[in-house]
Structure formats: structure tokens, C-alpha cells
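Number of protein chains: 2
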Amino acid sequence: MDINYVYQMIKTEVESVEKELLSNLDSDVDMVNEVASYVFESGGKRLRPVFMILASKLAGYSGNRAIVLSGVVEYIHTATLLHDDVIDGAKFRRGRKSANNVFGNDITVLCGDFLYSRAFMNLVKDGDPKVQMILANAAKTMSEGEVFQLVKTAEFSLKLEDYLKIIYSKTAVLFSACCEIGGILGKIKEEKVKNLAEFGKVVGLAFQMSDDILDYLGEPEKTGKKPGTDLNEGKMTLPLILLRDLADRDEKKKLRDIIVSESATDEDLAYIISLMEKYDIKAKAENFVDDYVNKSKELLKIFPENEYRDALEFLAEYVIQRDR
Amino acid sequence: MDINYVYQMIKTEVESVEKELLSNLDSDVDMVNEVASYVFESGGKRLRPVFMILASKLAGYSGNRAIVLSGVVEYIHTATLLHDDVIDGAKFRRGRKSANNVFGNDITVLCGDFLYSRAFMNLVKDGDPKVQMILANAAKTMSEGEVFQLVKTAEFSLKLEDYLKIIYSKTAVLFSACCEIGGILGKIKEEKVKNLAEFGKVVGLAFQMSDDILDYLGEPEKTGKKPGTDLNEGKMTLPLILLRDLADRDEKKKLRDIIVSESATDEDLAYIISLMEKYDIKAKAENFVDDYVNKSKELLKIFPENEYRDALEFLAEYVIQRDR
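First to last, the protein sequences are chains H and S. So the first sequence is residues 1 to 324, counted in the working numbering. So the second sequence is residues 325 to 648, counted in the working numbering.
Hint data in this document are derived by calculation from the structure and do not stem from the laboratory. Hints should not be assumed to be uniformly reliable.
Label-pair ranges, simulated between beta-carbon atoms [as the list claims (entries may be wrong)]: (1) H:GLU161 with S:PHE416: 37 to 45 Å; (2) H:LYS91 with S:LYS449: 38 to 46 Å; (3) H:THR265 with S:ASP354: 48 to 56 Å; (4) S:GLU591 with H:ASP162: 49 to 57 Å; (5) H:THR265 with S:ILE327: 26 to 34 Å; (6) S:LYS454 with H:ASN287: 48 to 56 Å; (7) S:LEU346 with H:LYS91: 36 to 44 Å; (8) H:LYS97 with S:ASP450: 37 to 45 Å.
No residue lacks a Cβ here, since even glycine has one placed at the ideal position from N, Cα and C.
Given the sequences, and given the hints that come with them, work out the whole structure.
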């Protein structure tokens with residue numbers, strides 16, 4: 001199996017989601033539609049819709065609600081991206097200028113608000129209180145997670161547990177919601193819905209950890225990203241936490257100084273990467289992530305083997321691929 | 325009747341709303357609760373809850389949903405204030421440092437998002453699709469209105485119609501929602517609910533127009549605000565629009581230059597105020613607003629006369645008072 005095969009399996013649905021995303025941009029304020037179209041036309045893998053659609057099919061559902069709710073999830077996700085890019089002062093997103101870079105911070109914040117409320121309008125129309133609560137709660141958790149991350153900026157002693165809480169909130173909770181909703185759409189047993197929710201959560205954690213590893217140890221020609229972004233933003237992520245816990249006293253002191261200063265230079269980054277090589281952090285962090293991926297696959301064993309289960313298992317591997 | 329009498333009439337409910345506002349600040353991220361408490365403890369007149377509660381009582385309702393939904397409305401309102409203050413770079417709000425001034429722009433944007441999603445969680449729990457749609461739509465309209473206002477910044481030829489669209493979106497739509505929901509809670513006839521919605525809208529428009537007049541022509545010792553904020557932000561508001569349409573050719577040219585420059589000096593403001601005196605703009609704008617207030621009172625005539633109708637009629641006058 002490869003990623004194109006997966007997209008091919010649910011081609012009709014993914015195309016319908018793309019249409020859904022644009023069809024709600026019906027504001028009578030042109031600028032709102034312009035900003036939102038700019039963002040959605042820049043593409044993206046639509047991973048969350050793909051997870052929701054596959055989970056719904058695994059649960060035996062194949063109706064239109066998976067399209068509408070995928071649109072809702074992608075709106076919520078995009079709203080958080082818009083606000084995050086404003087907060088981080090990001091200049092680029094998906095290889096194009098970020099919305100804040102093109103339209104300004106103020107309009108970008110407000111278009112994020114528009115997408116949130118447009119998402120909730122569609123949720124109200126869909127009319128399922130359980131699904132509504134899952135997504136309202138996910139949106140709440142995401143905003144809390146971002147605040148928690150900011151509060152923990154440049155905190156060298158950040159516990160692994162708090163790191164996991166941050167990435168659960170900013171990434172895993174929405175993946176979990178997508179898979180759980182897929183199960184709910186199929187009206188399958190509570191236990192199976194729970195496994196899908198847990199599957200989405202564990203995959204989401206692995207996805208974010210893998211991203212955080214690539215930020216230090218990825219090859220820019222494959223990832224398309226300049227390394228060290230997290231360091232510049234004072235974020236303590238998995239590879240840095242593992243390194244901190246293995247470094248000797250002198251190294252630890254130097255590391256702490258770099259993090260606390262909140263102004264790491266290129267030399268600082270090179271030093272950290274060399275230490276990561278010394279302590280074999282890449283392999284250790286990847287092992288850590290692999291455990292999550294394996295756990296996620298275990299959770300799907302409650303379902304009979306079929307092409308949708310295969311596809312979800314494949315995706316669990318795919319989201320942590322080093323050259324995705 | 326005076327404002328204290330109105331608050332006394334619904335004292336229990338207003339106190340319950342205050343409790344409701346703080347009771348949902350249950351985030352396990354302390355900073356989120358801290359920012360939200362900071363904002364809610366700084367007070368405010370809770371005008372929107374007061375309108376909702378009085379409208380619900382006029383409609384014969386007196387249960388707890390008016391409290392919960394008042395909390396929802398105040399959360400949505402506060403979320404927009406937080407985002408607006410970030411966008412405008414506001415330093416103060418309600419006589420205290422603004423949240424963005426104390427906690428920074430990034431945390432303030434995210435706490436706005438938290439309040440939005442917390443509001444929607446409570447809306448989901450309340451479980452009334454009609455009410456949910458009214459408020460999701462109001463939130464959407466508010467974000468659109470703010471974008472529209474930004475797009476129209478420094479547009480000297482702004483049509484009165486577009487000005488009304490802006491203030492409808494940023495202020496009146498939520499007042500309208502409050503009064504409409506009050507009617508829905510009371511399960512009164514569609515026609516009466518419509519009148520309440522229209523009443524809220526017209527009062528909201530009058531309220532915002534009155535605010536916009538005070539921004540040029542209020543007495544700082546009464547309003548507690550430095551005049552000319554709207555001018556500095558390039559906003560074309562009612563008094564400036566009326567002045568533009570009455571000014572002679574030379575004055576108009578000078579006015580246009582000031583607006584388009586987007587950097588009005590104190591002398592520019594003094595010049596504009598002197599022109600407003602010359603053309604008697606205060607009286608003209610206040611007449612304009614009075615027409616709205618009178619219209620709003622007409623809309624309540626569909627209800628039997630009682631203390632709640634009296635209180636709403638009083639409030640329609642109160643929100644445009646020059647020294648409130």
C-alpha cells in the first residue's frame with residue numbers, strides 16, 4: 001500500500017470534501033472569502049478528513065455526514081493554523097506565503113474566527129449533540145494547549161508528561177475526534193468507538209513527535225523546512241527532552257543557557273545537533289515514536305481485517321515517515 | 325425608572341450570570357483561567373445579559389436557561405473584545421489595562437478562542453438548535469463585520485449604508501440575538517419573537533451610533549475616554565459621514581486628506597470638531613439616533629404594558645445617554 005492508493009480508495013469523498021471546504025465560503029464580505037480561499041486552495045493533505053472518512057468506512061458508514069463533518073474539522077484546524085501563524089509570526093505555510101504575511105495579522109485573526117463560527121454553524125445543522133460536544137471540546141482543548149505551550153516556553157526542565165499534554169492538545173485531540181466521529185457515524189458499539197478515538201489520539205501523538213524530531217534531525221531537502229524552528233521559539237520537544245536527560249553536567253548547563261536565552265544562534269543549533277548525534281537521539285526518539293505506532297495498530301485489531309483497517313494502519317506508519 | 329431600578333428588578337438573575345461567567349473557567353491550564361477571570365472581574369454592565377433576561381421575562385419565561393445563555397453571549401462578546409483589543413493594540417479596557425497589555429497578544433488571542441469554544445460547549449449542552457444557530461450565526465457575522473470594517477478603513481466615501489452594515493455586524497447582531505433568544509425561551513408567537521429580534525437590532529444600532537458620536541463630541545470627564553479614537557483608527561463613523569455630506573468643497577478636501585493620511589494630529593481632530601460644531605452635527609446625529617430609539621419602542625407595543633416592557637423601553641433610552 002502507498003499513500004496514493006489510500007487517496008484513490010476514497011477519491012470521491014476527498015474530492016467532495018474539497019468542494020465542501022469552498023462551498024461554505026459564502027460571506028458577503030469578499031475579503032473573508034478571499035482569505036479563506038487562499039488558505040484552502042494552497043492545498044494540504046487533508047489528513048484529518050482522510051482519517052475521519054476511513055474510520056467511518058471501517059465502521060460501515062458511507063453517507064454525506066462524513067463529508068460535512070470533515071469540512072467542519074478542517075475549518076477548525078485551519079482556524080488554529082491561522083491564529084498560530086499570527087502568534088508565531090510565521091512567514092510561510094505549505095510552501096506559500098502565510099495568510100498573515102499576505103493579508104496582515106488583524107484580518108487573519110478575524111478570518112480564523114469566521115472559520116470557527118462557520119464550522120459551528122455546520123455542526124448545528126448536522127444536529128448531533130455527541131459530535132457537537134466532541135468538536136467543541138476539541139477546539140477548547142486546542143486553545144488551552146497552545147496557551148500551555150506558551151506558558152512553558154523556554155522551560156528547560158519541562159517534564160515529558162507536560163510535553164505529551166501539549167502535543168495531545170495541539171494535535172492529537174483533533175485526530176482522536178476525527179476517528180471517534182467516524183465510529184459514531186457508523187453507529188458501532190461503544191467499545192469500538194473508544195478504540196477508534198484512542199487510535200486517533202495515539203497516531204496524533206506519533207505524528208507530532210515525528211514532526212518535532214524532523215525539526216532538528218530532518219533533511220531540509222526532504223522536509224522542505226529549515227531546521228531549528230522549535231528551538232527559536234523556545235519549545236522543548238521530544239528530541240531535546242531526551243537529549244537533556246542524557247547529557248552530562250557541562251553539556252546540560254550549556255543546553256540550559258541556550259534554551260533560557262531564547263536567542264539560539266546557528267552555532268547553538270549545530271552544537272545541539274552534534275550532541276544529538278553523540279547520544280544517538282534520532283534512533284532513540286524514533287523508537288519512542290514507533291512504540292506509539294505499534295500501539296495504535298493494536299487498537300485496530302478489534303475490527304475485522306479489511307481494506308479500511310489496512311489503510312488506517314498504513315496511515316499510522318505514513319504520518320511518521322521521515323520524508324513524507 | 326433609572327438603571328439601578330432595572331438592575332434591582334433582575335438582581336438575582338444578574339448575580340447568577342456573574343457566577344455563571346466564573347463557574348465555567350475550569351481549564352486545567354491555570355493561565356487560561358487567570359486571563360478570563362481578569363477580564364470578567366473587571367466588571368462591565370452586562371448589557372447583553374440584561375436585555376436577554378428582560379426579554380425572556382417579557383415573554384413569560386423565568387428559568388435557568390436565560391442565565392446559561394447569558395453566559396454564552398457574554399463569552400462570545402468577550403472573545404470578540406479580546407481579539408479586537410489585540411487588533412487595535414488597545415492599552416486599556418473598562419478603566420484597567422487591557423488583557424493584551426497585561427498578558428501579551430498571543431495568550432489573549434488564544435484565550436478569546438477558549439471563550440468561543442467554551443461558549444459553544446454550553447450551547448451544545450443547552451441543546452436548542454434554533455438558539456445554537458442564532459448565536460453561531462451572530463459570531464460569524466461579528467467576525468465578518470470586523471473584517472469589513474478593516475477593509476473600509478480610511479475610505480472617505482464610505483456609504484451610510486455600509487456604515488450601518490458595519491455597526492449591525494459588530495454590535496447590533498448580538499443585541500438582536502439576545503432579545504430574540506429571550507422570546508424563544510418564553511415560547512411566544514413567531515411574530516412577537518421577530519419584534520424582539522428587531523427591537524434588539526435597532527437598539528444595538530442606536531447604541532453603537534451613540535458611542536460613535538461620543539467619540540468626537542462626548543465630554544471626556546463624563547465618558548472617561550479620550551476623543552478621536554475612531555479618527556486615529558481610520559474609521560468613518562456617523563458624525564464624520566454626516567459632516568462629510570454637509571461640508572463645502574474646500575472643507576471636504578481637507579477632511580479627505582486627514583482621513584486618507586491615516587495619521588490625524590490633534591490639530592486635525594480640533595479642526596474636525598470645529599467643523600462639526602459649525603454644521604451642528606451633534607444635534608443632527610442625535611436626531612438620527614433618536615429615530616432609532618423611537619422605532620425600537622414602537623416594536624415593543626405588540627406586548628402588553630408591564631414592568632419588563634417599561635424596563636426595555638428605558639434601556640433603549642439608557643444606552644444612548646450621553647453620560648452613561
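Between GLU591 (chain S) and ASP162 (chain H), does the C-beta distance stay in 49 to 57 Å?
55 Å, holds
26 to 34 Å was suggested as the range; check whether the CB atoms of THR265 (chain H) and ILE327 (chain S) agree with it.
Distance hint for THR265 (chain H), ILE327 (chain S) is violated at roughly 60 Å.
Whether the CB-CB distance between LYS91 (chain H) and LYS449 (chain S) falls inside 38 to 46 Å:
40 Å, holds
Return holds or violated for the Cβ distance of LYS454 (chain S) and ASN287 (chain H) against the range 48 to 56 Å.
53 Å Cβ-Cβ, so the 48 to 56 Å window holds.
CB-CB spacing for ASP450 (chain S) and LYS97 (chain H) relative to the 37 to 45 Å hint
41 Å, holds
For the hint 36 to 44 Å, verify it against the beta carbon of LEU346 (chain S) and that of LYS91 (chain H).
Holds, since LEU346 (chain S) and LYS91 (chain H) (Cβ atoms, about 39 Å apart) stay within the stated range.
Holds or violated: the 37 to 45 Å window for the beta-carbon distance between GLU161 (chain H) and PHE416 (chain S)?
Cβ of GLU161 (chain H) to Cβ of PHE416 (chain S): about 39 Å, so the range 37 to 45 Å holds.
Taking 48 to 56 Å as the hint, is the beta-carbon distance of THR265 (chain H) and ASP354 (chain S) inside that range?
33 Å, violated
Against the hints set out earlier in the document, violations occur for numbers 3, 5.
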